[in-house]
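J.: Listed here are the chains, written in short residue letters.
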Amino acid sequence: DTEVTQTPKHLVMGMTNKKSLKCEQHMGHRAMYWYKQKAKKPPELMFVYSYEKLSINESVPSRFSPECPNSSLLNLHLHALQPEDSALYLCASSPRDRSSGNTIYFGEGSWLTVV
Amino acid sequence: KNEVEQSPQNLTAQEGEFITINCSYSVGISALHWLQQHPGGGIVSLFMLSSGKKKHGRLIATINIQEKHSSLHITASHPRDSAVYICAVWRGGADGLTFGKGTHLIIQP
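Top to bottom, those sequences are chains A and B.
So that you can map any letter, position 11 of the first sequence is 332 in this note's numbering, and since no number is skipped, the others follow by simple counting.
So that you can map any letter, position 93 of the second sequence is 290 in this note's numbering, and since no number is skipped, the others follow by simple counting.
Derived from the structure by calculation, the hints contain no laboratory data.
Any given hint could be a false lead.
Within a straight-line C-alpha distance of at most 30 Å, the following computed DSBU-like cross-link-like pairs (lysine-lysine) qualify [said to hold, decoys possible]:
1. A:Lys-361 with B:Lys-298
2. B:Lys-298 with A:Lys-330
3. A:Lys-330 with A:Lys-340
4. A:Lys-374 with A:Lys-362
5. B:Lys-265 with A:Lys-361
6. B:Lys-265 with B:Lys-251
Because the structure is a prediction, the values reported are computed rather than measured.
Isolated chain B, as found in the complex (with noise of 0.2 Å):
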């Protein structure tokens, strides 16, 4: 089993519609990062959470430290959302992010 595991692994969704993907670890956390990754390569790091919730436009984060649970959502969500979003950790006293195996997100027209 990976110690961070996410779903859904792809989505199609029309523009406009409300995004939800999750991600579940098995590992204790200093910290947890939501992660995305455009077709050209680079990742952009759009949010680090080590507790509750955090917004920024049309996304928010939440984890729950007590489940080892967080969702990323995006609103009103947009062609230009299309890309790979990737939950990834810190491990307590480890270097190197672990990443799970990423959402393929799909807005249509």
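Chain A with its partners taken away, still in its complex shape (with noise of 0.2 Å):
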């Protein structure tokens, strides 16, 4: 199972909604990402998880929250966003070890729209 899979695929939202993203992989790596692309650019780092534990946040906004419960979930809490929020979120995993370190999985990305 070499998969990353992000629920919900599509998300409209009001601004004073609050909702989750969600991120599963079971191929045992350590490391999870989550990424926000806006069209035609490149995606943007806001959060990493290493070993269940949060290692970098790239100054996102605090109406984003991360959530790391276990080794193969991670969680974007949404609560308050703005129209310009609305992206597409990508989930990343990678085992960051010695010998497959360097080998990285996307998810399927979740549409948010906020209006």
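Hey, can you piece these two chains together into the complex? The hints should help.
T.: Next comes the structure, spelled out in structure tokens:
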């Protein structure tokens, strides 16, 4: 199983809503990532979890709140978002070990629209 | 100046043509990825390179560590190759990929 599974695929939410994006991998990878991608732009790193601990937060607004309940799951909790937060949110995972540490797998992404 | 530069930004070619996309980077890296993204959104890693050359089907990727340059070649291009191709690097000691801006490739029948 070399899949990173993201749900939901599409999400429309109002600016006062609270919602969550979910990401799951069963490859035993120890690093998981959230990226944000706007149209016709490359992905931008938001958060990195390494061994279930938040290791990088790229100055992301607090209306985005990541959570790593266990080594297979990564959530992104959304609250009081703005229309400019509408984007494709990509989850990725990587082993980050000596033998295959630089491989990376991406999910299909969650398309978020904030209205 | 971006740490990872790709060229061209856009490329339209006829089916069957040989395609080359270039990537130059200015930082120390532990590995370089060539990624493919279709309009549906998902990203697939086509190659991971730390030296030399790799081939998979009609795709070939090369890297020159001394010159900090990599190329992705597509032989006998096909309309299904139409996608955005992104060069991305793992920087030494850092986490998360650093991405180029991508090359939007269209192969016309």
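J.: All the hints need checking, so say for each whether the structure fits it.
T.: Evaluated hints:
no.	hint	result
1	A:Lys-361 with B:Lys-298	holds, 8 Å
2	B:Lys-298 with A:Lys-330	holds, 24 Å
3	A:Lys-330 with A:Lys-340	holds, 13 Å
4	A:Lys-374 with A:Lys-362	holds, 28 Å
5	B:Lys-265 with A:Lys-361	holds, 25 Å
6	B:Lys-265 with B:Lys-251	holds, 17 Å
The structure is consistent with each of the numbered hints, conforming to all of them.
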